[in-house]
Amino acid sequence: MDLAFTKEEQAFREEVRQFFRDNVPPDTRRKMVEGRHLSKDEMVTWWRILNKKGWGVSHWPKQYGGTGWTSVQHYIFNEEVQSYPAPQPLAFGVSMVGPVIYTFGNEEQKKQYLPRIANVDDWWCQGFSEPGSGSDLASLRTKAERKGDKWIINGQKTWTTLAQHADMIFCLCRTDNNAKKQMGISFIVFSMKSKGVTVRPIQTIDGGVEVNEVFFDNVEVPVENLIGEENKGWDYAKFLLGNERTGIARVGVSKERLRRIRDLAGKVESGGKPIIQDAAFREKLAACEIELKALELTQLRVVADEGKHGKGKPNPASSVLKIKGSEIQQTTTELLMEVIGPFAAPYDVHGDDGSNEAMDWTAQIAPSYFNNRKVSIYGGSNEIQRNIIAKAVLGL
Amino acid sequence: MDFDLNEEQRLLKESIDGLLTDSYDFESRKKYMKEKGGWSKAVWGKLAEQGLLGLPFAEADGGFGGGGVETMIVMEALGKALVLEPYLATVVIGGGFLRHAGTDAQKAAHVPGIIDGSKTLAFAQLEKNSRYDLFDVATTAKKKGEAYVIDGEKFVVLNGENADTLIVTARAKGDRRDKSGIGVFLVPANAKGVARKSYPTQDGLHAADITFTGVEVGADAVLGNPEDSLALIERVVDEARIALCAEAVGLMDESLKTTVEYIKTRKQFGVAIGSFQSLQHRASDMFVAAEQARSMSMFATMAGDFEDAKERANAIAAAKVQIGKSLKFVGQQAIQLHGGIGMTMEAKIGHYFKRLTMIENSFGDTDYHQRRVADGGGLI
Chain A
6 MDLAFTKEEQ
16 AFREEVRQFF
26 RDNVPPDTRR
36 KMVEGRHLSK
46 DEMVTWWRIL
56 NKKGWGVSHW
66 PKQYGGTGWT
76 SVQHYIFNEE
86 VQSYPAPQPL
96 AFGVSMVGPV
106 IYTFGNEEQK
116 KQYLPRIANV
126 DDWWCQGFSE
136 PGSGSDLASL
146 RTKAERKGDK
156 WIINGQKTWT
166 TLAQHADMIF
176 CLCRTDNNAK
186 KQMGISFIVF
196 SMKSKGVTVR
206 PIQTIDGGVE
216 VNEVFFDNVE
226 VPVENLIGEE
236 NKGWDYAKFL
246 LGNERTGIAR
256 VGVSKERLRR
266 IRDLAGKVES
276 GGKPIIQDAA
286 FREKLAACEI
296 ELKALELTQL
306 RVVADEGKHG
316 KGKPNPASSV
326 LKIKGSEIQQ
336 TTTELLMEVI
346 GPFAAPYDVH
356 GDDGSNEAMD
366 WTAQIAPSYF
376 NNRKVSIYGG
386 SNEIQRNIIA
396 KAVLGL
Chain B
8 MDFDLNEEQR
18 LLKESIDGLL
28 TDSYDFESRK
38 KYMKEKGGWS
48 KAVWGKLAEQ
58 GLLGLPFAEA
68 DGGFGGGGVE
78 TMIVMEALGK
88 ALVLEPYLAT
98 VVIGGGFLRH
108 AGTDAQKAAH
118 VPGIIDGSKT
128 LAFAQLEKNS
138 RYDLFDVATT
148 AKKKGEAYVI
158 DGEKFVVLNG
168 ENADTLIVTA
178 RAKGDRRDKS
188 GIGVFLVPAN
198 AKGVARKSYP
208 TQDGLHAADI
218 TFTGVEVGAD
228 AVLGNPEDSL
238 ALIERVVDEA
248 RIALCAEAVG
258 LMDESLKTTV
268 EYIKTRKQFG
278 VAIGSFQSLQ
288 HRASDMFVAA
298 EQARSMSMFA
308 TMAGDFEDAK
318 ERANAIAAAK
328 VQIGKSLKFV
338 GQQAIQLHGG
348 IGMTMEAKIG
358 HYFKRLTMIE
368 NSFGDTDYHQ
378 RRVADGGGLI
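Note that the protein sequences, when read in sequence, are chains A and B. Sequential numbering from 6 applies to the first sequence in the working numbering. Sequential numbering from 8 applies to the second sequence in the working numbering.
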């Protein structure tokens, strides 16, 4: 047992950090620290810088532009991105559809899509959830019917993150109504610019528009846009969701936020002195830091295990990551609310472009608190995670 | 970055798990509890035979040169089997003082007896009002020529009744809560002026309250600096905390396993109660708590070797907090999920809960350590 990173790993961390210092646009970083929304251009600009460096799709196989890093290097890179902070690569393209395409797609599809994902020439969104299909995703009803050399797609997706920016969607569609619900689903990709696609923004309780409803009305999609085999889409979806086990803890994000809380708590006064001097507050902060330390160690156990034994059989501890990671993220936003006190109240009206630059940064703290309620809901709600532990780990 | 055990460590784990599976089922434990001092000489002999009592000592002193990971393996196994024998008091704490501060003569006098199982030790530290502050020492050690005369009262000394040698914290100089002026002394349990009153503890171990009245010891009884040994005490107690974290992980593993087995077999409403989602989620939360505890136990084990004393103390305090929170949840819910049977002395789960609960109140509870981390500037 050894907790230490090797010299090479430490040097790698320094290299990553230095690259961020030199290359992340300062305004992008500021907005992230303050919890403001980034424009599409700001995000894409940064991702292209990253891709030019060769780090855009770091965990992909080398032949498709990956880095060949060890699992510990991936961990370090992830943590540095999150805690710098800089925008993480667009998960929908890089972590989700990309791996499905290079694992299950044909050569033509790999050539057509992968380089464009890496350079964010296409912004991808995820067509999974539907109004009637949340945790019970396999009950989805969006239909793809084969007509000649086309799929005709009808139905509705929801919670589609940043669909307003998207060029492409990967979509789970029902292609066989008679099979068991998991067996009749196919994985189809198509352009968001297709005729019959309508995007309707959903304003969330933080005031922002991160998510959308997407409607499909007789959308015509070429048959070759099916990824893998027809009716095997559920397998690909499970593969996709199981792919990103360690990033989900978002330890770096919480670390960055805790540093910010400590910093703010040294400035904001309560009872005539900085709130950090209040013993009760300080202990709450320490409690959160300790929880995060435990989670970081749990994550490192999973990372070290993957590095040694491969990703085949997931370490049971990996199921802790989503539950604890989301709880801790939520606690950090609660602590920020506590620090800012009555100045949580002012509301920053969002511009038409989704920007929220009008007011003082303190106005972003309550929205961030509201927004972070999502993290225990998305990606398989924490209740679903508990079902998974009960069944897969405890055998109940 | 590596959390796996090496080959030798795996063998160590197999051997102690095997030994305890053979000789430490719940029924045997009840018998051991009734022996003098509350534990089994025969089991202690077997631990000695397998070299486990010499594990952390240097090879030059007759030991095996084991480190923190080896102790973690043993303590986890002892926790899992709910072992009564005084490994913590004798090998971890007693041995710790000798390893860190013992002179060659002191080691020669005490270590062989520990390793061969013929002698056990006890740590006489807690006082009426000291609670968890290690520097809060009212017991005095007055210099008399080359000798020291010890006067004071110590409480809840684990293995106090059976121990051959007591390791006593006493103040050579200063006031009760001064951080300097504290010494550590090796006192024969049968020395003149030592009076022991022993009793069982809530978790089935045995402890003693010990009064020292004009107990005179020679210069050879002094461990380290007689007037400035707080750092030594902190170091050894930190090692005891690490060991307790590992023991708690073993206890939690077994508690969770026993509970999951129980809810798979216990039937109500015609089905196994483990098929109910509310119970499944509770068991999942117990798993999460136990895994977070395991992570911090490993962290504490590795932090034991940190050079920087402040960083080391902070890490171990953080681990004790996580362990404390996890053990309370796992222990309480293990009883809850067992229902009525969990309330009885005849089911073993209650005994695990009791030992876990006593660990929370040993060498600083959750609040105490959380305050230490908070006042020390945090962890991030």
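Everything labelled a hint here was simulated from the structure, so no lab data went into it. Treat each hint with caution, since some may be false.
Stated by the list, open to error - Cβ-to-Cβ under 8 Å is the rule here; a few derived chain A residues that face chain B:
id, residue
1, Val29
2, Arg264
3, Arg265
4, Leu302
5, Tyr383
6, Ile394
Glycine included, each C-beta is placed from N, C-alpha and C at the ideal position.
Subject >> Contradicted hints - numbers only >> reply: As far as the earlier hints go, 1, 3 and 5 are violated by this structure, in ascending order.
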